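Line by line, the protein sequences are chains A and B.
Take 1 as the starting number for the first sequence in the working numbering and just add one per residue.
Take 1 as the starting number for the second sequence in the working numbering and just add one per residue.
FYI, nobody ran anything at the bench for these hints, they're computed from the structure.
In this text, all values refer to a predicted model and were calculated from it rather than measured experimentally.
Hints may contain errors.
Claimed, not checked - Okay, derived cross-link-like pairs now, DSSO-like style, lysine-lysine, Cα gap no bigger than 27 Å in a straight line:
| id | chain 1 | residue 1 | chain 2 | residue 2 |
| --- | --- | --- | --- | --- |
| 1 | B | 395 | B | 411 |
| 2 | A | 3 | B | 30 |
| 3 | A | 3 | B | 308 |
| 4 | A | 194 | A | 229 |
| 5 | A | 385 | A | 423 |
| 6 | B | 411 | A | 6 |
| 7 | B | 395 | B | 223 |
| 8 | B | 428 | B | 441 |
| 9 | B | 30 | B | 223 |
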Amino acid sequence: MLKADKSLGIVFFPAFDWAISPTHPERQERLLYTQDQLREEGLFDIEGVTEHKPDVAAIEDVERVHFCFPEVSAVTTRSHLISAGGAMKAADLVMQGECDRAFAMVRPPGHHAMKVVHGARGFCNINIEAVMVEHIRETYGHRRVAIVDTDCHHGDGTQDVYWHDPDTLFISLHQDGRTLYPGSGFPHELGGPKAMGRTLNIPLPPNTSDEGFLMVMERVVLPILDDFKPDLIINSAGQDNHFTDPITDMNFSARGYAALSDMLKPDIAVLEGGYSIQGALPYINLGLCLAMAGVDYSLVREPNFSPELIRQDARTTAYIEELCRQLPALYFDPPPYNRKNDVRQGVISGNTLVRQRQIYYDTDGINETQRETLFLCDECRGLLKVETRADSGPQCLGVEIPVHACPDCRSRGYQIVEDAQLKGNARYIQLINRLDRDYLRVGF
Amino acid sequence: MLLGIDVGGTHTDAVVISLEGGVRILASCKVPTRHDALLSSVTEALETILGQVDPAGVTRLNLSTTLSTNAIVQGRTEDVGVLVSAGPGIDPHNFMPCRNFHVIDGSIDHRGNEVRALSPRQLSDAVDACRANEVRVYAAVSKFSTRNPRHENAIRRAVLQCREEADCEYADFVTSGHQLGGALNFPRRVATAYFNCAVWRLYNHFATAVERALADMGLGHVKVNMLKADGGTMPLTRSRRMPVQSIFSGPAASVMGIIALTDIFHDSVILDIGGTTTDIAVFADGAPLIEREGIAIGSHPTLVPALKVLSIGIGGDSVISVSEASGTVRVGPNRLGPSVCLGGGQPALTDALNATGACAVGDTAASRAALEALAAAHSMDATALARAAVDYATKTIHNATRDLVDEINSKPVYTIHELLEDKRVVPKKVYLMGGPANALKMPLFERFQLSTEVPAHSGVANAIGAALTRTTWELELFADTQRHVLFIPSLSYRENIPTSYGQRDAEKDAMNQLAMQLDSMGVFLRPEDAQITHSSSFTMVEDMEQVGRNIRVKSQVRPGVVATIREG
Ligand SMILES: [Zn+2]
Ligand SMILES: [Zn+2]
C-alpha cells in the first residue's frame, strides 16, 4: 500500500447544497468531479492521508478579523462559516501535531474579502485564510505567517487585511491586473508604512505557463521565504491559472501546480478559485494532495494534455525573467514610504496615515466609500480606524487595537469608540481589541 | 424450517428454526471446526441436527463460512492475471496485488468519456504473458469503469476470445471490476477483483461439494444461501461468481443474531466475546453501522460491503501476563491454547473469572491453582491478580469501544444539511454474547455504566443470525442526461435516456431494477425492505448554459432478519 511521506489531513467540504446562482461558476457541483477523482484514485486509503470534518466558525472567529456591517450574520451564510471553519480545522490538525500538513478543500472561497465587509466581492464574503490565521494566533500564540496566494486573481482581500501587519508576509502570484479582475496587485503595492515590503505582488502576463510559474517560485518566492523565516507557510491555493479555466487566460498545468506545491512545501493549503471543474480541478487537486503528502505525482495529467500547446513564448519568458530580476529588491530593500498627494494610496500628515477609497462589491453590486486612518506609533504597529459607508447605507466605524499594542494606542482606541457612541455619528460600531481579546459591537 | 450454520474459528454451530406458530428453535448443536476439512464440519453439523427434525420440512439453509478468509490468510489461492487500464493519476503499480499484473495504456475520465483507447498491442502481449504462466483466472479492471465499462469489456474479450467462460479453452473465469459494484475506488476495485479470482476455484469446489452433500442427505430441494459480510445473504448460485462477498461473514452472523434475539431501538454497542477475540459492533438508532467503503483483506482495502466491526485480542482464552518491571497485569492479545480450567497450560481470562466467582467453567480448582502460582511468582495475592486481569480486560474493551464510536462520529460529511443535523452516535445500551458474556456482564456494566444485557440463546446466536438473515442486494445507478446514458455497473445495464430524465425517474428505475434482480434470484422483495440510500442530481453547466444533469442514485435491500425470537 502507498504511504505518505508527510501525513496529510484533508478537510473536504464541497458544500453540495450551496450556490451563488444556478449557472454561476461558484455553484454546487464545483467540487463534484474532484470528489470523484479523489475517491477513484483511492486517495484516502493512502497511509497517512486522512479526511476530516470541518468545524463551523463562530461569529467571534469572524469578528476577530473583519469589520462586518451591519453584522456578521447579515453578510455570511452558514456555508461561509463552515468554509472558514474548514480552514480552521485544517490549521488545528497541523498546530496540534495530528498531521504534518493539511489541505482545506472547501468552498465558498475567501481571498477577495477585505478588512471591511458589506457583502460579496469576487464570490467571497469572508476571508477564510485570515479567519484561520487569526484563529491560529489567538489559540496557539502569535506566529510569523507567510501567505502565498497562487490563485489567478490578485488576492486583494488578503492583501487588504494584512496591509499594516509586519508579521504577515503576503505574496500574490496572479494574472496581470491590467487584464483581469480585480485589476489590482501591482509591484508598487508593498504594504502600509509600518509593513513596507511585507506585501509583494507578482503580476504575470497572460499565457504564462509552467516554466514561468516555477521560475518565479525559484527566483523570487523561495529566497524571500528563506529570509522571512515564517513559522507557518500557507498556500491560498486557487486553481484558476489552469489552461482550461473559463474565466482567466493562463496556461498552467496540473503537474505544474503540483511541482509548485512541492517547492513551496506549505504547512496548510486552503482552496480558493478554480472554475474549470471538469477538465482541471480533479487533476490539480489530486496533484496538490499528492505533492503535499510527499507521494509521487508524476503521472497526474489532464486528458490529452500536451505541453507543446500551452508552452509560453519567448517574449513572455523574457518578461518574467525581468520581473525576477527586479522584484526581490522590493522585499529585501523596500523604497521609503513616501505618499504625499495620492489620497487613494494614503497621505501621511503628522502622525497619521489617511487613505480614502472606493470599493466595489461586484458579486453583490455594492459601492463602499471608506476612510482609513492609521495612527503611526513608535511603540507598536499602530491603531487602525475605518469609517465606512455602503451606498446610501448608514455610516459605520471600525476600530482595531492590534496585538502587542502600546497603552497609548489601546486607550486611544477605547476613546474613539466612546466618542463615536456619544456623538452618534456612526450607526454601527465594531471594536477589535486583539491585545485584551475584547470584541465589541454596538449599533441598532 | 430454516437451517443456519456458522463455521467459526473454534466451533461450527447449527440451528433449526421453525417459523410456524411463532418462531422457535427446534434444535441446535456445536461441533468442532476442522480447518483442513471444512465440508466435513458442515456435514457433521447437518447430520447431528437433522437427526432431531424431519429433513423433508427444511426449506432453506443459510451458511456462513471462513473458507475464503482462511484460503487468503493461509495463501492457498490461485495465480490471477490482473489486467488494468488506469490512465493518468497515481501509478497503478502501487496497487499490484500479484505477479501477473499488467498495466495497459488507455484512459476513461470521471464522466465516462473514453479519453484514449486501450492499446491492442499491449493488451495481447499481456494476455500472452499470462497464458505462458499458465494463468486460468483473470481480473479486468479499469479506472472509472463504473461510469463506462468499455475497457474492462475489451480486456475480457481479449482474455476469453469467446462469449462465455464455458466455451473458452484459455481461461476459466474473468472478474470485471464494474460488476463488483458502483463505488468509486480503483485500487480497491483492483484488490477486490483479484481476491474474487484468487478464491474462485476453491470456493466453487466447496459450493459444489455442499450441494452434493445436501443431495446425498435427501436435501436436494433446500435453497442454499451464503452469508455476506454486510449482514445479508446471497443465493449459492449467485455467490459462485462473487465468492469474495463471503469473506468475513462471521461477525455479520453474530450481529444478525443479536438483531434476531433482541429489540434494539437505541444507539447500542454489541460485544461478541469469543475465545480469542472480542468483536465490537455499533448500532445507530437500532441499525448496525457499515464500513463506509468496504472491508480490508489483510493490508488491501476492498469494495466488499461489510458491517463495521472492530476485532480486538481479548477473549476467554486470552493469556494473563504480569510485567516484571511494574507488576502491571495484562490480558491478551495472545491465546496459548484453552484456559487452564479447560485443560490449557497458562492461566487465561476465563480462569480469572472462575477465580473471582463470576462463573464456574470446567475445573475451577485448576483455575485457582494456576492463578495462585502466577501470583506467587510476582508476590501478589491471587484474588487481586484475578480482579486486575478482569479489570484490564473490561478496560481494554471499553477503550476500544470508545475509540470506535469516536471514529464513527468524526466521519466527514458533505453538505451543510448533514453538518447541521450533527447526528452523533451515543450508545445507551450494551448487548453481550459469546462464551464469557454472562461472567463479564457485571464488570462490563460497571465499566460502561450502561444497561447491559445478555440475550437468551446467545451461545448459538451466530447460527441463529445466519438462519434468519434475509437476502440483500444493492445497486448504484448513474445517469448523465448530457450524454443521454444511464448505467448500472453491477448489472452491466446500460440504457439511453431522454434529456428530460430526472432524479425521480432515476429513483424509480433503481428500485425497479432492484426488485427485478431479486426476482431473478427467486427472492420476493417486500417494498418496505427496499430503500434509496443516496440520491443526488447536479446540474451541469457549460458556457453559462445548463447542458444536462448528473444523477446518482443508490438503492438497497436493508440488511435484516426474516423473523425474531423473543423470550417469553
Ligand atoms: Zn481566482
Ligand atoms: Zn502604539
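Hints versus structure:
no. : hint           : result
1   : B:395 to B:411 : holds (25 Å)
2   : A:3 to B:30    : violated (44 Å)
3   : A:3 to B:308   : holds (24 Å)
4   : A:194 to A:229 : holds (19 Å)
5   : A:385 to A:423 : holds (16 Å)
6   : B:411 to A:6   : holds (22 Å)
7   : B:395 to B:223 : violated (44 Å)
8   : B:428 to B:441 : holds (15 Å)
9   : B:30 to B:223  : holds (22 Å)
Of the hints listed earlier, those the structure fails to meet are numbers 2, 7, in rising order.
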